[in-house]
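Colleague: Below, each chain spelled out in residue letters.
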Amino acid sequence: MAGRVIVITSGKGGVGKTTTTANLGAGLASLGRRVCLVDADIGLRNLDVVMGLENRIVYDLVEVVEGHARLRNALIKDKRLDGLYLLPAAQTREKDAVTPEQMRALCQQLAEEFDYVLIDSPAGIEHGFRNAIAGAQEAIIVTTPEVAAVRDADRITGLLEAHEISNPRLIINRLRPQMVRRGDMMDIEDVIEILAIELLGVVPDDESIIVATNRGEPLVMSGTSKAAQAYRNIVKRLEGEEVPFMSLEQDGFMSRLRKLMGIGR
Amino acid sequence: MLDFFVRLFRGEDQSKQVAKERLRLVLVQDRMSLSAQALDAMKEELIAVISKYLEIEESGPEVVLERDGESVALVATIPVKRAAGVARASR
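Here the protein sequences line up with chains A and B, keeping their order.
The numbering of the first sequence is my numbering, which starts it at 249 and goes up by one.
The numbering of the second sequence is my numbering, which starts it at 2 and goes up by one.
Don't take every hint at face value.
Taking lysine to aspartate or glutamate and the EDC-like style, the derived pairs with C-alpha atoms no more than 20 Å apart in a straight line are [as the list claims (entries may be wrong)]:
(1) Lys44(B) x Glu58(B)
(2) Lys17(B) x Asp432(A)
(3) Lys474(A) x Glu489(A)
(4) Lys21(B) x Asp432(A)
(5) Lys17(B) x Asp435(A)
(6) Lys474(A) x Asp435(A)
(7) Lys17(B) x Asp438(A)
(8) Lys21(B) x Asp435(A)
(9) Lys474(A) x Glu490(A)
(10) Lys17(B) x Glu437(A)
(11) Lys327(A) x Glu361(A)
(12) Lys21(B) x Glu446(A)
(13) Lys21(B) x Glu441(A)
(14) Lys17(B) x Asp453(A)
(15) Lys17(B) x Glu441(A)
(16) Lys21(B) x Glu437(A)
(17) Lys21(B) x Asp31(B)
(18) Lys21(B) x Glu394(A)
(19) Lys327(A) x Glu465(A)
(20) Lys17(B) x Glu394(A)
(21) Lys343(A) x Glu311(A)
(22) Lys484(A) x Asp330(A)
(23) Lys484(A) x Glu386(A)
(24) Lys325(A) x Glu311(A)
(25) Lys325(A) x Glu302(A)
Hints listed in this document are in silico derivations from the structure and should not be mistaken for laboratory results.
The task is simple: from the sequences and hints, build the whole structure.
Modeller: Given below as C-alpha cells:
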C-alpha cells in the first residue's frame, strides 16, 4: 500500500515550511511511521540544517535524479528516530536541475517504501514550486496571520487546485495570542474565513523553535512547549485522529482581570 | 491607564480589522486576475466576435481588469473604424 505524498508549501517565504516539515516528519516517525523528508528547495537547502543532519549529506536529490547516485545511498537515516529519513537538496545547483516528471517518478518510488513522503517546497510559484508539487497527492499550506502571507497562501490554493491537488489543509504558524487579544493580529477565525480551507492546526509563536533549530533538534522530539504540543496534535490529526484545538490563551493578569470584569473571553 | 480602559471598551481602530478588510479587497482582485496569456486569448476572441458586427482598428483594442473601490470590472476598449454593416447580422 503506497504511502502518502504530502507537499508542505506556502507561497510566502519564511513562514515556517521547513520547520513544519521537520517537526511533522519527526512527529510521525515517533508514532512508528516510516517517513521520508524531501528537501525540494534546490540551491537553498535548509531541511538538513533544521534537522541537524547537515554533516551527514553524501549525495543529494539532484545526483539521484541524474543517475549519479542511488536513492538508497542518498537517503540519510536519522539516528534519533526509527524510520525517519531525509533526502537532501543540492546546494550548488538551481531549481531547473530537476523536472516535474523526475520529481513525480522519485516520489512514486519513495511512496513504495515509506508511509509518508513529506516534501518541503521552496517559496514562490515558479519552477521549484512546480517540482515540489509534481509528485504530491496532498498539500499542507503554511501561513502566518499576516496580510502578505495570507495573500500568498490564497494564490497557492488556486495554483494547487489548478494542478489537481484539492482540499489543501492549513497550518497557521506564529500566532501571538497577546497580539490577537489586543486586536493587533488576525485570529484563527479571521484567517479561515478569508482562505476558506480546512484548518489542520495552529502553532503559536515560540522562542523554543529557534532554540531547537539552533541545536538541530526538531521540537517534537523532546519539547514541552505549546508549539511542540501543537505539532504533536497536528501529527495526530494527519493520522486521522480528532484532536481539539489547544487553547492558546495565557492566564496572564490582564486576561484574568478581563474575565473578572466580564468583558473577557 | 485611563487610555487603556478607553481602548478596551472602544475596541475600534484595531489594526487587525484594517488588515482583514484590505485582504478581502485585494483577494477579490487577485482571484479574478487572469494570467497574461488568458487575457490575450480572451482579447483575441473578443475581437473576433465584435469584428462580425463592427470594423475594428486592428492595433487599437485593449482589455484590462480595473478596480474601482470595492468592485472589479473587465474593461475592453475597442476602437471602431466605422459602424457600417451593423445591420448585416441577421436577426
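Colleague: Is the straight-line distance between the alpha-carbon of Lys17(B) and that of Asp438(A) 20 Å or less?
Modeller: 9 Å, holds
Colleague: Are the Cα positions of Lys325(A) and Glu302(A) separated by 20 Å at most?
Modeller: Status holds; Cα separation ~12 Å.
Colleague: Going straight from one Cα to the other, do Lys327(A) and Glu361(A) come out at no more than 20 Å?
Modeller: Satisfied, since the Cα-Cα distance of roughly 18 Å is no more than 20 Å.
Colleague: Is it true that the CA of Lys484(A) sits at most 20 Å from the CA of Glu386(A)?
Modeller: Given that 20 Å is the threshold and the Cα spacing comes to 16 Å, the pair holds.
Colleague: Are Lys17(B) and Asp453(A) close enough, with their CA atoms no more than 20 Å apart?
Modeller: 17 Å, holds
Colleague: Is the hinted pair Lys21(B) and Asp31(B) satisfied, with a Cα-Cα distance of at most 20 Å?
Modeller: 15 Å, holds
Colleague: Under the criterion that the straight-line Cα-Cα distance not exceed 20 Å, is the pair Lys21(B), Glu437(A) satisfied?
Modeller: Between Lys21(B) and Glu437(A) the Cα gap is close to 11 Å, so the pair holds against 20 Å.
Colleague: Need the status of pair Lys474(A), Glu489(A): alpha-carbon distance at most 20 Å?
Modeller: With Cα atoms ~19 Å apart, Lys474(A) and Glu489(A) stay inside 20 Å; holds.
Colleague: Are the Cα positions of Lys17(B) and Glu394(A) separated by 20 Å at most?
Modeller: Roughly 9 Å separates the two Cα atoms, so the pair holds.
Colleague: Straight-line Cα separation of Lys21(B) and Glu394(A) no greater than 20 Å?
Modeller: Status holds; Cα separation ~9 Å.
Colleague: Is the hinted pair Lys17(B) and Asp435(A) satisfied, with a Cα-Cα distance of at most 20 Å?
Modeller: 8 Å, holds
Colleague: Checking one constraint from the list: CA of Lys21(B) to CA of Asp432(A), max 20 Å. Satisfied?
Modeller: 11 Å, holds
Checked against the numbered hints listed earlier, the structure breaks none of them; every hint is satisfied.
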